[in-house]
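J.: If you want the building blocks of each chain, they are given just below.
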Amino acid sequence: KQEVTQIPAALSVPEGENLVLNCSFTDSAIYNLQWFRQDPGKGLTSLLLIQSSQREQTSGRLNASLDKSSGRSTLYIAASQPGDSATYLCAVKAAGNKLTFGGGTRVLVKP
Amino acid sequence: KAGVTQTPRYLIKTRGQQVTLSCSPISGHRSVSWYQQTPGQGLQFLFEYFSETQRNKGNFPGRFSGRQFSNSRSEMNVSTLELGDSALYLCASSLACWGCNEKLFFGSGTQLSVL
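Residue numbers (this note's numbering), protein chains in the order written: chain A, 3 to 113; chain R, 14 to 128.
Keep in mind that the hints were calculated from the coordinates and are not lab data.
Quick reminder that beta carbons are idealized off the backbone N, C-alpha and C, glycines included.
Warning: the hint list may mix true and false statements.
[To be verified] Computed from the model, here is a short list of chain R residues facing chain A with C-beta under 10 Å: (1) Glu65; (2) Asn69; (3) Phe73; (4) Pro74; (5) Leu103; (6) Cys104.
[Unchecked claim] So, partial list: chain A residues that the calculated Cβ filter (under 8 Å) puts toward chain R: (7) Asn34; (8) Gln36; (9) Arg39; (10) Gly45; (11) Ser48; (12) Leu51; (13) Leu101; (14) Gly106; (15) Val109; (16) Val111; (17) Lys112.
Okay, chain A solo, but in the shape it has when bound (with noise of 0.2 Å):
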């Protein structure tokens, strides 16, 4: 059975600072692996998917890599600002279009 962590639970960082966060996975016989950001209250946003065949994805100031074999993923946020307040999930798909979610990292900027 896929189970997907994502550590710390919680992060606080002064504006300006670079994010990191983690993800891992126990199974890496995965399709894909997305990473989501969700405001309080509402649905996911999705950041950056991340194909099996893939090593990383950029968009902006994120940047996605994926290493399968030890089943971890990072997510790298460029000079955080307070708009970037939010909890961020990742989640895999694997096989039978499952999608297994981490159990999310919530993250403050403070100005």
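The hints should help you fit chain R onto chain A, whose structure is shown.
T.: Coordinates of chain R only, in the frame set by chain A:
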């Protein structure tokens, strides 16, 4: 292009009642999946529908059911509500075609409170 629309936004029910939630996917998206989000259990996969057929199912009791219509709109039904069913119910849509962008697009969710 309109995003994923979920109705209603909030719902209050009492134990034993049943509830139906609705989800309209992005135009052209054929796959709709449902998730339950609670503070204790996080986000859990309920089921996925593709072309009016349930393609995958999570580990939820039979009280949770769903369907998809020919226009890809989907409904989720929960019968005999329990206090533990209080949660944010999210639906997501995707293209689900070979070689397509597989990104999931989520609705804002339905917040269900069972009293």
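J.: Of the hints given before, which are not true for this structure?
T.: 1, 3, 4, 9, 15, 16 and 17
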